[in-house]
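Enquirer: Just so you know, the sequences run in chain order E and H.
So for the first sequence, the numbering used here puts the first residue at 625; every next one is plus one.
So for the second sequence, the numbering used here puts the first residue at 11; every next one is plus one.
Treat the hints with caution; some may be incorrect.
Interface residues of chain E toward chain H, partial, derived using beta-carbon atoms under 8 Å [as the list claims (entries may be wrong)]: (1) Ser631; (2) Leu639; (3) Ile667; (4) Ser691; (5) Val704; (6) Cys707; (7) Gln717; (8) Val718; (9) Leu721; (10) Glu724; (11) Tyr735.
I should point out that these hints are in silico values taken from the structure, not numbers from a laboratory.
As the structure is a prediction and not an experimental result, all values here were calculated from the model.
We treat Cβ as the ideally placed atom computed from N, Cα and C, and that holds for glycine.
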Amino acid sequence: MSNYTNSPCAACKFLRRKCTSDCVFAPYFPPEEPTKFANVHRIFGASNVSKILHEVAPHQREDAVNSLAYEAEARLKDPVYGCVGAISVLQRQVLRLQRELEETNADLMRYASCLGSETTSAYGGRRG
Amino acid sequence: MSNTKHIHKGLLERLLDLLLIALIVYMTLKGGTSGACAACKYQRRRCAADCPLAPYFPAEQPKLFQNVHRLFGVRSIVKILEKLDETQKPEAMKSIIFQSYVRDRSPVHGCLGVTQQLQYMIWFAEEELKAVNSQLQLYRSQPQNGQNQNQNHNHNQMIHELGSDHYKQQEDVTSQQLDLGMGLNVNNNQSNVVTPFFSSLLPVSETQQPQMSYTYSCSEVNNNGYSPPAYNTDSGKEILTNNNNVWGDQNRFLYNNNNGGGYSNQNESCHEMKSNGVMAIQSQLVNLQMVSNHQRVEEEEADHEYDELHQFLDIIDDRQSFGDSKEA
Numbered sequence: 625m626s627n628y629t630n631s632p633c634a635a636c637k638f639l640r641r642k643c644t645s646d647c648v649f650a651p652y653f654p655p656e657e658p659t660k661f662a663n664v665h666r667i668f669g670a671s672n673v674s675k676i677l678h679e680v681a682p683h684q685r686e687d688a689v690n691s692l693a694y695e696a697e698a699r700l701k702d703p704v705y706g707c708v709g710a711i712s713v714l715q716r717q718v719l720r721l722q723r724e725l726e727e728t729n730a731d732l733m734r735y736a737s738c739l740g741s742e743t744t745s746a747y748g749g750r751r752g
Numbered sequence: 011m012s013n014t015k016h017i018h019k020g021l022l023e024r025l026l027d028l029l030l031i032a033l034i035v036y037m038t039l040k041g042g043t044s045g046a047c048a049a050c051k052y053q054r055r056r057c058a059a060d061c062p063l064a065p066y067f068p069a070e071q072p073k074l075f076q077n078v079h080r081l082f083g084v085r086s087i088v089k090i091l092e093k094l095d096e097t098q099k100p101e102a103m104k105s106i107i108f109q110s111y112v113r114d115r116s117p118v119h120g121c122l123g124v125t126q127q128l129q130y131m132i133w134f135a136e137e138e139l140k141a142v143n144s145q146l147q148l149y150r151s152q153p154q155n156g157q158n159q160n161q162n163h164n165h166n167q168m169i170h171e172l173g174s175d176h177y178k179q180q181e182d183v184t185s186q187q188l189d190l191g192m193g194l195n196v197n198n199n200q201s202n203v204v205t206p207f208f209s210s211l212l213p214v215s216e217t218q219q220p221q222m223s224y225t226y227s228c229s230e231v232n233n234n235g236y237s238p239p240a241y242n243t244d245s246g247k248e249i250l251t252n253n254n255n256v257w258g259d260q261n262r263f264l265y266n267n268n269n270g271g272g273y274s275n276q277n278e279s280c281h282e283m284k285s286n287g288v289m290a291i292q293s294q295l296v297n298l299q300m301v302s303n304h305q306r307v308e309e310e311e312a313d314h315e316y317d318e319l320h321q322f323l324d325i326i327d328d329r330q331s332f333g334d335s336k337e338a
C-alpha cells in the first residue's frame, strides 16, 4: 500500500515531511485524526513514540498507540496528575467496594449461621 | 629540633588532609561527578545547583530517570514543570515517574491497561455485591423457620447466573465506565478474595513529601509494595467519564473485538474470569463462614498484599521487545 497517491498521515502532516510507504506512524495516525498525533507529540515526542512502536510487536502497535493517545490527552487535561489521577480514583472505588462486600458477606454469614442452627435443632428434635 | 620538624610535618599532613576534604565537599556541593543527579548523570553533563530535575531523580536510582526519559524525554518534562507552581511540581513528578514505571512494565498498554483492569475489578465487585445483597434480601424477607431449601436453590441459581453468558450480555451494569477486555486472574490467592491491584494503597495524604518517590524504584517494588500517589481529583473523574468518549470508544471497539491476537486472547480470558467468579463467590462464602473473627481476615489480606502485587506485575509485564524477538 503506497502513501504516494493517498494523503499523508497525520504525523507526517504535522511534522511537514514526506509520508513514505514505510512510515511507521501511518497505520496508526490517520489524517482524519490530527489531534491524536498532535497530543502524543506534545507530551511524548515523535522520536519516543517511534522507538516505542519499534519495541513492540506489529500486532500490538495499535493498542500501544491508543494507550499513548489516552495518556497524552489525560496529561494535557491535567498536567499535574495526568491519567494517574483516574487510576487513583478507581483504586479508592475498588477499596470501598471491597469493604462493602466484606461487610455484606459478614451479614450474610450471620443470617446463614442463624438459620443453620435453627435447622439443626429442628432435625435434632425430629430424630429425638 | 627534630621534634619541631616532626611536629611541623604532622601539622602539614593534617592541613593537607583538611584541604582535600574541603575540596571534595566543595566539588560535591557544586555538583561534581560524584554529586550529579541521575538525570545529569544519564545525560553526562554537569549537574548545576539549580538543576530542575535533581530533586526528583536521586543518583542512587538511575532506573527512575531512564523510564521517564524513555517515555517523556527531558524536554517534555522540563516543559511540563515550567508551567506548574512550586507546590504542584513534586506531585506532577510523582505521577510522571509512576506513569513511566507502568509503561516500562507494560510497554503496550501502560496506564490504560491498569485503568481497564481496575474498571473490570470494579464491575466484578459490583456484580458480586449485587448477588450477595440479593441473597441477603432473601434471607431478611424469609421467615426464620428453617426454610433453607428454597433459599439454597435461589442462591445457587443466582451464583450460576453470575457466571453464565446471560450476565455477560446483560446491559444491567452499574458502572458507566465498563470496558471489558483485560482479563484479570482473580483466583490467584488462596482465600479467593478479590483484592485490588495496589492493595498496599492506604489513604495517603496528598501532601506527601518528595521522598515518597523513592518507593517507586524498581528495586523496592518487591519489598515495600508499590502504590501510585493517592489523588482525589475532579480531573481524574473527568478523565474516566471522558475515556469512553474520546479514544475510549475506539478502545472499546478494539478491545471487545478480535482485532488482534493479543486482545482476542484477553477477551477469552475475561469470559473465563466471569465463570471463575462463580467459584470465587461460593468459596468466599464458605471461607467467611469459617472465619470467626475479623482479625484473621485482616491477617490473611496483609499476607496476600505483596503476593497480589507480584501476580499483577507478572500479568502486566508484557515486555516482549519486538526488537529482541526479531534478533532471536
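Enquirer: Compare the structure with each hint and give your call.
Expert: Verification of the hints:
no.	hint	result
1	Ser631	violated, 20 Å
2	Leu639	violated, 16 Å
3	Ile667	holds, 6 Å
4	Ser691	holds, 4 Å
5	Val704	holds, 5 Å
6	Cys707	holds, 5 Å
7	Gln717	holds, 6 Å
8	Val718	holds, 4 Å
9	Leu721	holds, 4 Å
10	Glu724	holds, 6 Å
11	Tyr735	holds, 4 Å
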